[in-house]
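Asks: Chains L and X, in that order, give the protein sequences.
For our numbering, add 442 to where a residue sits in the first sequence, where the first one is 1.
For our numbering, add 55 to where a residue sits in the second sequence, where the first one is 1.
Don't read these hints as lab results, they were simulated from the structure.
Fair warning: this is a prediction, and the values are worked out from it, not measured in the lab.
Worth double-checking, as some hints may not be accurate.
[As the list claims (entries may be wrong)] Capping the alpha-carbon separation at 20 Å, the derived lysine to any residue pairs in SDA-like fashion look like this:
id, chain 1, residue 1, chain 2, residue 2
1, L, Lys-568, X, Pro-138
2, X, Lys-137, L, Pro-574
3, L, Lys-568, L, Lys-510
4, X, Lys-137, L, Lys-510
5, L, Lys-573, L, Leu-557
6, L, Lys-510, X, Ser-167
7, L, Lys-573, X, Gln-109
8, X, Lys-87, L, Asp-496
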Amino acid sequence: MKRHTNPTTNDLFSTLEWFFNDSLESFSPLFRETRRILSSASTAANPVNWYEDDENFYALVDLPGVKKDALDLEVEDGLLRLSFSRLSGNPAGDKTETTLRIPEDIDTTAIEAGLEDGVLTVALPKSEERKPVSVKVS
Amino acid sequence: MNENSCKDGVCSTEITPTTKTALTEAPATVRKPRYTSRYDEQAWEVNVSLPGVQRDDLTVSIENEILEIQGNRVVAVPESWKPLGSAPVTGAETTYRLRLDVGPEVDETQVSADLNDGMLTLRLPLREAAKPQKIEVR
Numbered sequence: 443m444k445r446h447t448n449p450t451t452n453d454l455f456s457t458l459e460w461f462f463n464d465s466l467e468s469f470s471p472l473f474r475e476t477r478r479i480l481s482s483a484s485t486a487a488n489p490v491n492w493y494e495d496d497e498n499f500y501a502l503v504d505l506p507g508v509k510k511d512a513l514d515l516e517v518e519d520g521l522l523r524l525s526f527s528r529l530s531g532n533p534a535g536d537k538t539e540t541t542l543r544i545p546e547d548i549d550t551t552a553i554e555a556g557l558e559d560g561v562l563t564v565a566l567p568k569s570e571e572r573k574p575v576s577v578k579v580s
Numbered sequence: 056m057n058e059n060s061c062k063d064g065v066c067s068t069e070i071t072p073t074t075k076t077a078l079t080e081a082p083a084t085v086r087k088p089r090y091t092s093r094y095d096e097q098a099w100e101v102n103v104s105l106p107g108v109q110r111d112d113l114t115v116s117i118e119n120e121i122l123e124i125q126g127n128r129v130v131a132v133p134e135s136w137k138p139l140g141s142a143p144v145t146g147a148e149t150t151y152r153l154r155l156d157v158g159p160e161v162d163e164t165q166v167s168a169d170l171n172d173g174m175l176t177l178r179l180p181l182r183e184a185a186k187p188q189k190i191e192v193r
């Protein structure tokens, strides 16, 4: 399909085609309101990816625009609660909260977290029983 | 590259090895980033979520009223971390691409961009002529 890249064409068909082409969005006054509603609806959900090694589980959470001092972490009843606020310039700048279910048998006293480029990494140490034990063959 | 063979009215397309290779050798998934925008009498401000994207891996350009943002994100977890569920392996790439039609009222020479904590903040000042004019009543 040919991509329409010149929205200045004054013909109705290409204007419509351009409007429905989601790869290109408009600042034109006609579409401002539609776009405002669409973009404000896309603020929830912070993708989480899980990893593990012998010692820890790791949760990587996308938190774009969140600074270290604007983030609080809390562990309670098998849940990790993240409360944060984004950069002040952002319309979604209010306090937001999201919870992650964490694996069982975690040493909750030794959880560590780091935030870099808007990605939070939480290391959740496995409790002793959970770690793999190598058995010596005599 | 593709060969059509027809037999008894049934046609099939054979994909040659070169085509297959081309498909598997494109590792970067292209995604449209989340963004919010707002405007006042002076400028548009656009906030684009680019978690995990570093400054060197981001390009912002504006040409013919089209603002194009492209950021590359590479998963950089240690080799020893085993991905769980749908977590991407280390080295996996995601390309965030956003194209916005900013219209004729933006002064393309005055656009500024700032990347902080995985959030890109763009300021697009309006041309003098596009700013609201006060009309004196005599």
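Asks: Hints first: check each against the structure and report whether it holds.
Replies: Outcome of the hint check:
Note on Lys-568 (chain L) and Pro-138 (chain X): the hinted pairing holds, with a Cα-Cα distance of about 16 Å set against a maximum of 20 Å. Among the hinted pairs, Lys-137 (chain X) with Pro-574 (chain L) is consistent with the structure: their alpha-carbon atoms are about 14 Å apart, no more than 20 Å. Annotation: proposed proximity of Lys-568 (chain L) to Lys-510 (chain L) is violated, straight-line Cα distance about 25 Å (limit 20 Å). For the proposed pair Lys-137 (chain X) and Lys-510 (chain L), the alpha carbon gap of about 26 Å is over 20 Å, so the pair is violated.
For the given pair, Lys-573 (chain L) sits about 26 Å from Leu-557 (chain L) by alpha-carbon distance, which is inconsistent with the 20 Å threshold. Under the criterion of a C-alpha separation no larger than 20 Å, the hint pairing Lys-510 (chain L) with Ser-167 (chain X) is inconsistent with the structure, at around 25 Å. Distance hint between Lys-573 (chain L) and Gln-109 (chain X) is unfulfilled; the C-alpha atoms sit about 35 Å from each other, more than 20 Å. Of the supplied pair hints, the one linking Lys-87 (chain X) and Asp-496 (chain L) is violated, its CA atoms being roughly 35 Å apart against a limit of 20 Å.
Checked against the numbered hints listed earlier, the structure breaks hints 3, 4, 5, 6, 7, 8; every other hint is satisfied.
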